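In order, the protein sequences belong to chains A and B.
With the numbering used here as the guide, the letters of the first sequence map in order to residues 1 to 213.
With the numbering used here as the guide, the letters of the second sequence map in order to residues 1 to 213.
Hint data in this document are derived by calculation from the structure and do not stem from the laboratory.
Remember, predicted model here, so these are calculated numbers, not experimental data.
There could be a bad hint or two in this list.
For chains that are exact copies, the list does not tell them apart, and a pair is met inside one copy or across any two.
Pairs of lysine-lysine, DSSO-like flavour, derived with a Cα cap of 27 Å [unchecked claim]:
(1) Lys24 - Lys39
(2) Lys111 - Lys87
(3) Lys39 - Lys21
(4) Lys108 - Lys88
(5) Lys108 - Lys92
Protein chains: 2
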Amino acid sequence: MELEYVLPGEIEGRSFEIITKELKEKGIEIPEDRAFLVKRAIHTTADFDYASTMYFSDNAIEIAINLIKSGTDIVTDTNMALSGVNKKELFKHGGEVHCFMADEDVAKEAKERGITRAAVSMERASKLQKPVIFAIGNAPTALINLREMYDAGSFMPAFVIGVPVGFVNVEAAKELIIATDIPCIINRGRKGGSNVAAAICNALLYRIRDTEK
Amino acid sequence: MELEYVLPGEIEGRSFEIITKELKEKGIEIPEDRAFLVKRAIHTTADFDYASTMYFSDNAIEIAINLIKSGTDIVTDTNMALSGVNKKELFKHGGEVHCFMADEDVAKEAKERGITRAAVSMERASKLQKPVIFAIGNAPTALINLREMYDAGSFMPAFVIGVPVGFVNVEAAKELIIATDIPCIINRGRKGGSNVAAAICNALLYRIRDTEK
Chain A
1 MELEYVLPGE
11 IEGRSFEIIT
21 KELKEKGIEI
31 PEDRAFLVKR
41 AIHTTADFDY
51 ASTMYFSDNA
61 IEIAINLIKS
71 GTDIVTDTNM
81 ALSGVNKKEL
91 FKHGGEVHCF
101 MADEDVAKEA
111 KERGITRAAV
121 SMERASKLQK
131 PVIFAIGNAP
141 TALINLREMY
151 DAGSFMPAFV
161 IGVPVGFVNV
171 EAAKELIIAT
181 DIPCIINRGR
191 KGGSNVAAAI
201 CNALLYRIRD
211 TEK
Chain B
1 MELEYVLPGE
11 IEGRSFEIIT
21 KELKEKGIEI
31 PEDRAFLVKR
41 AIHTTADFDY
51 ASTMYFSDNA
61 IEIAINLIKS
71 GTDIVTDTNM
81 ALSGVNKKEL
91 FKHGGEVHCF
101 MADEDVAKEA
111 KERGITRAAV
121 SMERASKLQK
131 PVIFAIGNAP
141 TALINLREMY
151 DAGSFMPAFV
161 IGVPVGFVNV
171 EAAKELIIAT
181 DIPCIINRGR
191 KGGSNVAAAI
201 CNALLYRIRD
211 TEK
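Same shape as in the complex, but just chain A:
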């Protein structure tokens, strides 16, 4: 196997060319308005399954982009996802990223109530007093908690990026969000991850940057 010589600044562009070419070879067509985002999920995972499992609610991309442009904060369910979001791009619009998972009092409250830290973190996020985009790459219980608050009428997320990964309640939790009128981008099935959650945030951020050039 030989190394291909690609300049550092051109590696990402070359990667997207390869992804575009292989999607075509596989006969997979992704609607133009969302291809940039699905391709970034594939770029992050080298997994073409994302081409067929990503669900977008009506006008999801337009809604997410408008939220970011108006300074909406992002709340993640892992520090890994927080770490992966391009904070420089988000900050340009006035937004911040939060993750409450590692807060000591979150762990304490979760233990006392017998629920997950992710569920407690969602409740914290619901009290931020501004619209929130949730980027959930790990904990299905985060999505379940958001749905419970929605059902109770106590909180309406501005947007949910729902891509937890795993084997216990992951698929069902994603469907619980899809069944509401919360604007969302969800990767149906078991797959996802903190890396995918961050990649979707960044896809939206780079879309804004690149179309405003």
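Following the hints, position chain B against chain A.
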């Protein structure tokens, strides 16, 4: 799709049960001594491909575990991977995690020399004056640079966890490490990621914790 009631503390165990069951159903057998690690990669990605693509050099797990136990540091090629490594468990053995990618002078030097930040980061890591486990989940150029230093006789990594993801030189860079006598765990092919790099570190850390109970 119905939610299954699982206590927070039992979700991970239940996930591993499902993975074990499905590996059996697929007729995939993983040698007992490495199953814990391969299953954690699957747990992190919900991708069973990892069952057939993970390469282990001779005695790789024993070597990695002994390095961790003797306080070896870990160097990652992304802040996401750094963020995902269980620092509390690593610190118990005296080890630390480093990532030089976001250092301003690394970016400056990379630009001047026309190489990637990952390559410059590896050179920084080679000067740490102690053995280093590299956990590479993103940049094939990190692996290429490690191989170049190895070929030049200027540096020998103590261990390489080589799981970059992507489309440009990723597969070839992994084979460059496999072809040496550097102890390593490599996920052959395009797949991997910062999440997988962190998961492999954590699999080793939890193995130590759980066998020393």
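Problem - Contradicted hints - numbers only - result: When the structure is compared with the hints, none of them turns out to be violated.
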